[in-house]
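K.L.:
Position chain B relative to chain A; hints supplied.
From first to last, the protein sequence lines are chains A and B. What the first sequence shows, in our numbering, is residues 270 to 606, in sequence order. What the second sequence shows, in our numbering, is residues 89 to 269, in sequence order.
Bear in mind the hints are in silico, worked out from the structure with no lab data behind them. The structure presented is a predicted model; accordingly, all values stated were derived computationally and were not measured. Ideal Cβ placement from N, Cα and C applies to all residues, glycine included. It is possible that some hints are incorrect.
Said to hold, decoys possible - Looking from chain B toward chain A, a few residues come up when the C-beta cut is under 8 angstroms (computed): (1) A116; (2) H145; (3) N148; (4) R149; (5) Q153; (6) R154; (7) Y180; (8) A181; (9) G182; (10) R184; (11) N245; (12) R246; (13) E249.
Listed below are the residues making up each chain.
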Amino acid sequence: LTPYLQLGDACIAARHQPSLVLEFARNRELEERRVFPGTGLDDWELPAAGAAICPRQYLQLLENVAGALNSADTSFLLGQQLLPGHFGAISHALLQARSLRHAIALLLSDPMALSPLLAPHFAEEQGQAVLYFTDSFGAGRMRGFVVEMQMTALSAMCRWLSGERLPWRFCFNRTPPRYTEQHEVHLGQGLRFHCQLDALAIDAAWLDRPWPRGAGTAAAIALRQGESGSTRASLLGGVYAYLFENIRRGPTLEQAAAAFDVSPATFKRHLARHGSHFQAELDQVRAHVALQLMHRGCDNDAVARHLGYHDANNFRRSFKRWTGMTPMLIRAALARR
Amino acid sequence: MVTEHLQKRERLFRDHRSFDQLTQVADADYLREQLRIEYAGGASDSCLLMLDIDSFHLVNRDFGQREGDRVLQAVTQVLLLNLRSTDLLCRYAGDRFAVLLPKTHPETARALADHLRRAVASLRHHAQRSGTPIQSTVRYTFRNVDAEPRQLLKELNRALERRMPATPETGEAIDPATVRA
Numbered sequence: 270l271t272p273y274l275q276l277g278d279a280c281i282a283a284r285h286q287p288s289l290v291l292e293f294a295r296n297r298e299l300e301e302r303r304v305f306p307g308t309g310l311d312d313w314e315l316p317a318a319g320a321a322i323c324p325r326q327y328l329q330l331l332e333n334v335a336g337a338l339n340s341a342d343t344s345f346l347l348g349q350q351l352l353p354g355h356f357g358a359i360s361h362a363l364l365q366a367r368s369l370r371h372a373i374a375l376l377l378s379d380p381m382a383l384s385p386l387l388a389p390h391f392a393e394e395q396g397q398a399v400l401y402f403t404d405s406f407g408a409g410r411m412r413g414f415v416v417e418m419q420m421t422a423l424s425a426m427c428r429w430l431s432g433e434r435l436p437w438r439f440c441f442n443r444t445p446p447r448y449t450e451q452h453e454v455h456l457g458q459g460l461r462f463h464c465q466l467d468a469l470a471i472d473a474a475w476l477d478r479p480w481p482r483g484a485g486t487a488a489a490i491a492l493r494q495g496e497s498g499s500t501r502a503s504l505l506g507g508v509y510a511y512l513f514e515n516i517r518r519g520p521t522l523e524q525a526a527a528a529f530d531v532s533p534a535t536f537k538r539h540l541a542r543h544g545s546h547f548q549a550e551l552d553q554v555r556a557h558v559a560l561q562l563m564h565r566g567c568d569n570d571a572v573a574r575h576l577g578y579h580d581a582n583n584f585r586r587s588f589k590r591w592t593g594m595t596p597m598l599i600r601a602a603l604a605r606r
Numbered sequence: 089m090v091t092e093h094l095q096k097r098e099r100l101f102r103d104h105r106s107f108d109q110l111t112q113v114a115d116a117d118y119l120r121e122q123l124r125i126e127y128a129g130g131a132s133d134s135c136l137l138m139l140d141i142d143s144f145h146l147v148n149r150d151f152g153q154r155e156g157d158r159v160l161q162a163v164t165q166v167l168l169l170n171l172r173s174t175d176l177l178c179r180y181a182g183d184r185f186a187v188l189l190p191k192t193h194p195e196t197a198r199a200l201a202d203h204l205r206r207a208v209a210s211l212r213h214h215a216q217r218s219g220t221p222i223q224s225t226v227r228y229t230f231r232n233v234d235a236e237p238r239q240l241l242k243e244l245n246r247a248l249e250r251r252m253p254a255t256p257e258t259g260e261a262i263d264p265a266t267v268r269a
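Just chain A, same shape as in the assembly:
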């Protein structure tokens, strides 16, 4: 498992997102004793160039700041400041992104700098572009906050660089909050809750519209790997990719552990440390694959077969367990789009 990053690995450059969060907290005159505990950081100055904190500490920093401010708009205000950031070459490249497609490619090229807690995934089909996120380290109770923050970061950056508010649809894998005024004003009216994915979706026609600041070649040069931060994937990200790849074979815990070169017991322990377990990871991937196929217009029988079910009824029951909704309801939701 050593090639994969875990919750306790110092893999987030302190000068990247964490220093922007510190700046935010300092501007709001929060007290040190509210902000620093458990974060591995202890002063307001710009962290040293090589300093890094682990995801657990970054999550604690966010929780400290959110708790100290106790305000419904914190995740959105923080998000507004995060991208393109001041993270060296990758931020520079984003500033000069030629188009939405280009910006998304940059995001996918360096998630540890641009979206350290949520792994971005991109899918384009049926004229729709979908950027969705899976948990990189197990955000636990901070998940909702982190999703709002990261979605705001992306949509605010795109609005700034493209010169217009893009007509995103924001899908949240959660129940709706009691009131949504912060989402409405900071993100827009295209809000959906009870979705199976945390995702930003947009008509694919927006992907290739040229952006006014775009400066093709310089940005292309900066898109080399390893320009900033770590290019290693998180363990949960690696598991997601493995399961996605092998979903048709109905992967088991034992097979997955073997693929990661550890014993099933060790594999379990590492997943547990991220607040997860094998079945949850598998169900998530199955649900995502099923959604993708339904989106393409496959019927239940075809989806069931693809996922290795012999019987569509069995599939329907499982699908309900993964998602809390029947395939029919999901189809209705997709059609409403």
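P.N.:
Coordinates of chain B only, in the frame set by chain A:
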């Protein structure tokens, strides 16, 4: 003067948990509560006006959020100073404000909204650090309080958000659905 100011902030009841910390005016919770009272009373002759600062996100980008906060506070003051003592100003969220105008004919609401737009346009805020003047414009939309609060707010928010820019003369956000070819 001070009492009048307070009236515009608080209107009928005083629940201090429902105040926006930054601008010290009512928040969205308080607004919804007032709209419920208004709507429950039946046959409302009140209007709800919503305003949004144009390209406010650029102030945050160019000058930082602290300066953005000061702009919001300044705009709040301008709005308060130009409202009637019976009107209720709320910060809905972010850079979006709502004004409940009790017993107000739509024509009067339009005139008032336009006056507010001009008042905000004449404000010249100076950035604290650089002294750079920052000018703001708002666009707006309004309607009778003739729907259930959630629906009413949804429609007004939608109308504000449609990407047609405000007409330069009036600042009224144009809903493309209502524009005839």
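K.L.:
Run every hint past the structure and note whether it holds.
P.N.:
We went through each hint and held it up to the structure:
1. Hint status for A116(B): holds, given a least beta-carbon distance of 4 angstroms to chain A, under 8 angstroms.
2. Here the hint on H145(B) is kept, as its CB sits about 6 angstroms from the closest CB of chain A, short of 8 angstroms.
3. Annotation: N148(B) was flagged as interfacial toward chain A, and the flag holds, the nearest CB pair being 6 angstroms apart, inside 8 angstroms.
4. This hint holds: R149(B) has a C-beta 6 angstroms from the nearest C-beta of chain A, less than the 8 angstroms allowed.
5. The closest approach between the C-beta of Q153(B) and any C-beta of chain A is roughly 6 angstroms, which is under the 8 angstroms cut-off, so the hint is satisfied.
6. At about 5 angstroms, the closest approach between the beta carbon of R154(B) and any beta carbon in chain A falls short of 8 angstroms, and the interface hint on this residue holds.
7. A hinted interface residue such as Y180(B) counts as satisfied when its beta carbon comes closer than 8 angstroms to some beta carbon of chain A; here the least separation is about 6 angstroms, so the hint holds.
8. Nearest Cβ of chain A to the Cβ of A181(B): about 4 angstroms, under the 8 angstroms cut. The hint holds.
9. The beta carbon of G182(B) comes within 4 angstroms of a beta carbon in chain A, closer than 8 angstroms, and the hint placing it at the interface holds.
10. Residue-level restraint check for R184(B) holds (minimum Cβ-Cβ distance to chain A is 5 angstroms; threshold 8 angstroms).
11. Nearest Cβ of chain A to the Cβ of N245(B): about 5 angstroms, under the 8 angstroms cut. The hint holds.
12. With 8 angstroms as the threshold, the beta carbon of R246(B) comes within range of chain A, its nearest partner Cβ sitting at about 6 angstroms, so the hint holds.
13. Using the Cβ-Cβ criterion of 8 angstroms, the hint placing E249(B) at the interface with chain A is satisfied: the shortest such distance is roughly 5 angstroms.
In summary, this structure violates none of the numbered hints.
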